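**Student:** Residues 1 to 156 (the UniProt record's numbering) are what the sequence shown spells out, left to right.
Hints are computed from structural coordinates only; laboratory data are not their basis. A couple of the hints might just be wrong.
[What the hints assert, rightly or not] Taking lysine to aspartate or glutamate pairs in the EDC-like style, the calculated list, with each CA pair at most 20 angstroms apart, reads:
| hint | residue 1 | residue 2 |
| --- | --- | --- |
| 1 | 28 | 86 |
| 2 | 77 | 144 |
| 3 | 11 | 125 |
| 4 | 77 | 39 |
| 5 | 24 | 39 |
| 6 | 24 | 43 |
| 7 | 143 | 73 |
| 8 | 108 | 121 |
| 9 | 143 | 90 |
| 10 | 24 | 38 |
| 11 | 143 | 69 |
| 12 | 28 | 18 |
Owing to the predicted nature of the structure, the values given are computational and were not obtained by experimental measurement.
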Amino acid sequence: MYNNLKTLASKLEETKEDFFLYWKDSVKESKLNYPDIEEDITEYGSRIFEATLVNLRTEARLHEQRIVEIGTEIGFKRAPEGKNLETVLDVFVLFRDRLWRHLRVLAKNVELTADEVFEIEKRVDLYIDHVLLSIAFAFISTKEQAVIDLIEKTIK
1 MYNNLKTLAS KLEETKEDFF LYWKDSVKES KLNYPDIEED ITEYGSRIFE ATLVNLRTEA
61 RLHEQRIVEI GTEIGFKRAP EGKNLETVLD VFVLFRDRLW RHLRVLAKNV ELTADEVFEI
121 EKRVDLYIDH VLLSIAFAFI STKEQAVIDL IEKTIK
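Could you put together the complete structure from these sequences and hints?
**Tutor:** Structure below.
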């Protein structure tokens, strides 16, 4: 399976531009929008994509820390700007969905068994879940801190 993962990761890397066009079109069709959404797609999406390639190519678990850092950065950046958490999360939920659709197409050319496809899907889903959870955690903790700061300011 490990060689199949590496092969699939290589095919995914070769079709990176196609994937991003597919994801961008999906975001536009879904009418998700906020200022700097393009930055989230190009900068953060690219970093998540690259980290996902590492996830597919290696058995090491160190990459999970990198993906959490990316999600945390997104959450800490978007929360103070007043972005809607659901909208930000939906952009990256679409990332996961479109990535999976893209991987399924690529997997047909790699001769994967049903068990291998399931294992890859589980691995990618759990990995992207780390992004979503870290975005939400950073977002919520930033909002909580803002409320605490406001209360402290009001008391003084």
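**Student:** Within 20 angstroms, alpha carbon to alpha carbon, are residue 77 and residue 39?
**Tutor:** Status holds; Cα separation ~11 angstroms.
**Student:** Is the hinted pair residue 143 and residue 69 satisfied, with a Cα-Cα distance of at most 20 angstroms?
**Tutor:** holds, 18 angstroms
**Student:** Has the given pair, residue 24 with residue 38, been kept, meaning a C-alpha gap of at most 20 angstroms?
**Tutor:** Given that 20 angstroms is the threshold and the Cα spacing comes to 9 angstroms, the pair holds.
**Student:** For a C-alpha distance cap of 20 angstroms, please report whether residue 11 and residue 125 respect it.
**Tutor:** holds, 19 angstroms
**Student:** Hey, residue 143 versus residue 90, does the alpha-carbon distance stay inside 20 angstroms?
**Tutor:** holds, 19 angstroms
**Student:** Take a quick look at whether residue 143 and residue 73 sit within 20 angstroms of each other, Cα to Cα.
**Tutor:** holds, 14 angstroms
**Student:** Taking only the CA atoms, is the gap from residue 24 to residue 43 under or equal to 20 angstroms?
**Tutor:** holds, 13 angstroms
**Student:** Does residue 86 lie within 20 angstroms of residue 28 when you go C-alpha to C-alpha?
**Tutor:** holds, 16 angstroms
**Student:** Has the given pair, residue 24 with residue 39, been kept, meaning a C-alpha gap of at most 20 angstroms?
**Tutor:** Since the Cα atoms of residue 24 and residue 39 sit roughly 11 angstroms apart, the hinted pair holds (cutoff 20 angstroms).
**Student:** Taking only the CA atoms, is the gap from residue 28 to residue 18 under or equal to 20 angstroms?
**Tutor:** The given pair, whose Cα atoms are some 16 angstroms apart, holds under the 20 angstroms limit.
**Student:** Take a quick look at whether residue 108 and residue 121 sit within 20 angstroms of each other, Cα to Cα.
**Tutor:** holds, 14 angstroms
**Student:** Taken at face value, is the distance from the CA of residue 144 to the CA of residue 77 at most 20 angstroms?
**Tutor:** Within the cut-off at roughly 15 angstroms; holds.
Violated hints: none; the structure is consistent with every hint.
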